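*Asks:* Protein sequence lines, in the order shown, are assigned to chains A and B. First residue of the first sequence? That's 621 in my numbering, and the numbers climb one at a time after it. First residue of the second sequence? That's 621 in my numbering, and the numbers climb one at a time after it.
Any given hint might turn out to be false.
As the list makes no split between identical chains, a pair holds if one copy fits it or if it spans any two.
Claimed, not checked - The calculated SDA-like cross-link candidates involving lysine to any residue, where the alpha carbons are at most 25 Å apart (straight line), are: (1) Lys-862 - Arg-825; (2) Lys-895 - Lys-914; (3) Lys-666 - Asp-910; (4) Lys-920 - Glu-826; (5) Lys-914 - Asp-816; (6) Lys-895 - Asp-910; (7) Lys-895 - Met-931; (8) Lys-929 - Ser-902; (9) Lys-630 - Gln-728.
No lab work stands behind these hints, which were simulated from the structure alone. It should be emphasised that the depicted structure is a prediction, and the values quoted were computed from it without experimental measurement.
Protein chains: 2
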Amino acid sequence: MPTALGLAEKVLAGDRRAAARLITLIENGDESVRPELAELHHRGGKAHIVGVTGSPGAGKSTLIHKLARCWRQRQRTVGIIAVDPSSPFTGGALLGDRIRMQDLATDQGVFIRSMSSRGSSGGVAKATADAVRVLDALGMDIVVVETVGAGQSEVAVMDVVHTVLVVVVPGLGDEIQAIKAGILEIGDIFVINKADRDGVEATQRELEMMLELDDRCRKGWRPPVVLTVASKSEGIDALVEKVDGHWDMIRREGLLQEAERQRCRREVLELLKHKAVLSLLSEYGPDDFDALIKAVADRKMHPHEAVEKIMENKKERKRK
Amino acid sequence: MPTALGLAEKVLAGDRRAAARLITLIENGDESVRPELAELHHRGGKAHIVGVTGSPGAGKSTLIHKLARCWRQRQRTVGIIAVDPSSPFTGGALLGDRIRMQDLATDQGVFIRSMSSRGSSGGVAKATADAVRVLDALGMDIVVVETVGAGQSEVAVMDVVHTVLVVVVPGLGDEIQAIKAGILEIGDIFVINKADRDGVEATQRELEMMLELDDRCRKGWRPPVVLTVASKSEGIDALVEKVDGHWDMIRREGLLQEAERQRCRREVLELLKHKAVLSLLSEYGPDDFDALIKAVADRKMHPHEAVEKIMENKKERKRK
Numbered sequence: 621m622p623t624a625l626g627l628a629e630k631v632l633a634g635d636r637r638a639a640a641r642l643i644t645l646i647e648n649g650d651e652s653v654r655p656e657l658a659e660l661h662h663r664g665g666k667a668h669i670v671g672v673t674g675s676p677g678a679g680k681s682t683l684i685h686k687l688a689r690c691w692r693q694r695q696r697t698v699g700i701i702a703v704d705p706s707s708p709f710t711g712g713a714l715l716g717d718r719i720r721m722q723d724l725a726t727d728q729g730v731f732i733r734s735m736s737s738r739g740s741s742g743g744v745a746k747a748t749a750d751a752v753r754v755l756d757a758l759g760m761d762i763v764v765v766e767t768v769g770a771g772q773s774e775v776a777v778m779d780v781v782h783t784v785l786v787v788v789v790p791g792l793g794d795e796i797q798a799i800k801a802g803i804l805e806i807g808d809i810f811v812i813n814k815a816d817r818d819g820v821e822a823t824q825r826e827l828e829m830m831l832e833l834d835d836r837c838r839k840g841w842r843p844p845v846v847l848t849v850a851s852k853s854e855g856i857d858a859l860v861e862k863v864d865g866h867w868d869m870i871r872r873e874g875l876l877q878e879a880e881r882q883r884c885r886r887e888v889l890e891l892l893k894h895k896a897v898l899s900l901l902s903e904y905g906p907d908d909f910d911a912l913i914k915a916v917a918d919r920k921m922h923p924h925e926a927v928e929k930i931m932e933n934k935k936e937r938k939r940k
Numbered sequence: 621m622p623t624a625l626g627l628a629e630k631v632l633a634g635d636r637r638a639a640a641r642l643i644t645l646i647e648n649g650d651e652s653v654r655p656e657l658a659e660l661h662h663r664g665g666k667a668h669i670v671g672v673t674g675s676p677g678a679g680k681s682t683l684i685h686k687l688a689r690c691w692r693q694r695q696r697t698v699g700i701i702a703v704d705p706s707s708p709f710t711g712g713a714l715l716g717d718r719i720r721m722q723d724l725a726t727d728q729g730v731f732i733r734s735m736s737s738r739g740s741s742g743g744v745a746k747a748t749a750d751a752v753r754v755l756d757a758l759g760m761d762i763v764v765v766e767t768v769g770a771g772q773s774e775v776a777v778m779d780v781v782h783t784v785l786v787v788v789v790p791g792l793g794d795e796i797q798a799i800k801a802g803i804l805e806i807g808d809i810f811v812i813n814k815a816d817r818d819g820v821e822a823t824q825r826e827l828e829m830m831l832e833l834d835d836r837c838r839k840g841w842r843p844p845v846v847l848t849v850a851s852k853s854e855g856i857d858a859l860v861e862k863v864d865g866h867w868d869m870i871r872r873e874g875l876l877q878e879a880e881r882q883r884c885r886r887e888v889l890e891l892l893k894h895k896a897v898l899s900l901l902s903e904y905g906p907d908d909f910d911a912l913i914k915a916v917a918d919r920k921m922h923p924h925e926a927v928e929k930i931m932e933n934k935k936e937r938k939r940k
């Protein structure tokens, strides 16, 4: 089905400029791209989507750089979406890092794009999900999503991927604690990068111990712990094997369908939140809403009561 | 107004066990506490709410421990809410850290509580906002909210506070980059902790430079950069002066009312999202929703279309 802007067709034909333009429109929240995205969603679903998360300084970007090179040597095309604004891929980081990435920038089998992480976590996850659709449709075999840190927004972004890599560095006991808290459950593969540093054995032991307690080990996938020194390209081949192995496992075990359904459920719920609030507020009216907020701020009304009023007003209008 | 459970009255009378019980009910999402929370909101608003954020390993908990001690010496009561599950306050961390906190645990002028950071970022922020209400009503002069990292959930939690402290450690260039990306805008005071380490001058210089470009400097509050070595209690008095000074400034300049209004607006919107989606889904029906998700996962429908169907179904029922 031809779309109004014609971007979907162009992207599906491999037009990189159309892909870049479409992602910009997605980032700007432009509603006119919806038919394009529907078309891409309809005809997509081939790419292996890989998330890479971890604290600033863990070396995620260098690692992705080397992974991408390794995949390219294996004749596979790679899309990279950096949601981390401090990533060298986004131009936010040091010049030296950007220069090191130059070999990818000139490779037609690689498509690199940064996403703004401003706005609500839901907004970022939503835009990222659509950007992934674009790179999938562009024909990238693998789409890597890079995101920083251990917050809920990272978990939301990681919702859109098939395989999650959690990158840590040796000797950060506190960091392991933080991983324990939220990232452990979402990591499919753990990478100890900068593994030539002191403390790598302790970090590895601690990770392995935590994974012992993880439910998934009993369900067939024991998240492996891989050591790398990305800056020296050490351990990259082994990591690529694990990442590809996880993708093979998902497809072999029939897990892909269920994973896709979970991903879609989360994406629909996020979108629904956004739309529902907009619709309720426009029904209620901005002036009445401001008056309500004033009453809450003046401590005449708890936020719960304000929410009930907004919801009830809608019901009253319905009854008319 | 007496409330059904009677917890609000007890908390307002200084009953610590009632406060603990109420926060547990809040965490569990128990709806029966709403009248209690409305009463506390109505009669509260005295405490200075201080947020402390920063990466794992920055020493936030030790810093809060020492700040609390300093405030206690000045005869002020302190509530601490740790949203970070790796915080020693929550029992999630090393035994040694927990032992060091013991002096606070036995002080009746201090109330320490951890919050689960599971669930949606909106859910965490919502429960935290209500827990702050409880400690405010309990008569704490200062309520400190501790949260980890630089994600959107932290920004959401920081929405409920008056004064945001961002804690960094020397020599993490990448960390500063991450700060640049999202935390810079929300920090009212920057703390370089572990300031006896190498690289403190460079970190300070970089922070000061970034703050030069910050809009707020022109609006009267130039976020100060304070050096501390929390483990040795160095710089704590100076930091307390800055935190108290920020609170004085907010009240003096009449900024408090506007800040409260912004806080309330964000809180109402978060609650509204949650309620609106629940209401829409229960109208649409869980089976029809599952069928819709299946269509999206099978790539017959983009998530946008599914959301429209859920919203439209509601409209159709309205027309009847």
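*Asks:* Each of the hints needs a verdict: does it hold here or not?
*Replies:* Against the structure, the hints come out as follows:
1. Lys-862 - Arg-825: The answer is within: 19 Å in one copy meets 25 Å, while 42 Å across copies does not.
2. Lys-895 - Lys-914: both (24 Å within a copy, 21 Å between copies)
3. Lys-666 - Asp-910: between (47 Å within a copy, 23 Å between copies)
4. Lys-920 - Glu-826: neither (51 Å within a copy, 44 Å between copies)
5. Lys-914 - Asp-816: Classified as neither: same-chain Cα gap 57 Å, cross-chain 46 Å, threshold 25 Å.
6. Lys-895 - Asp-910: Intra 20 Å, inter 19 Å, cutoff 25 Å: intra and inter.
7. Lys-895 - Met-931: Both, since 14 Å and 8 Å are each at most 25 Å.
8. Lys-929 - Ser-902: For Lys-929 and Ser-902, both the intra-copy (14 Å) and inter-copy (19 Å) Cα distances are at most 25 Å.
9. Lys-630 - Gln-728: within (16 Å within a copy, 68 Å between copies)
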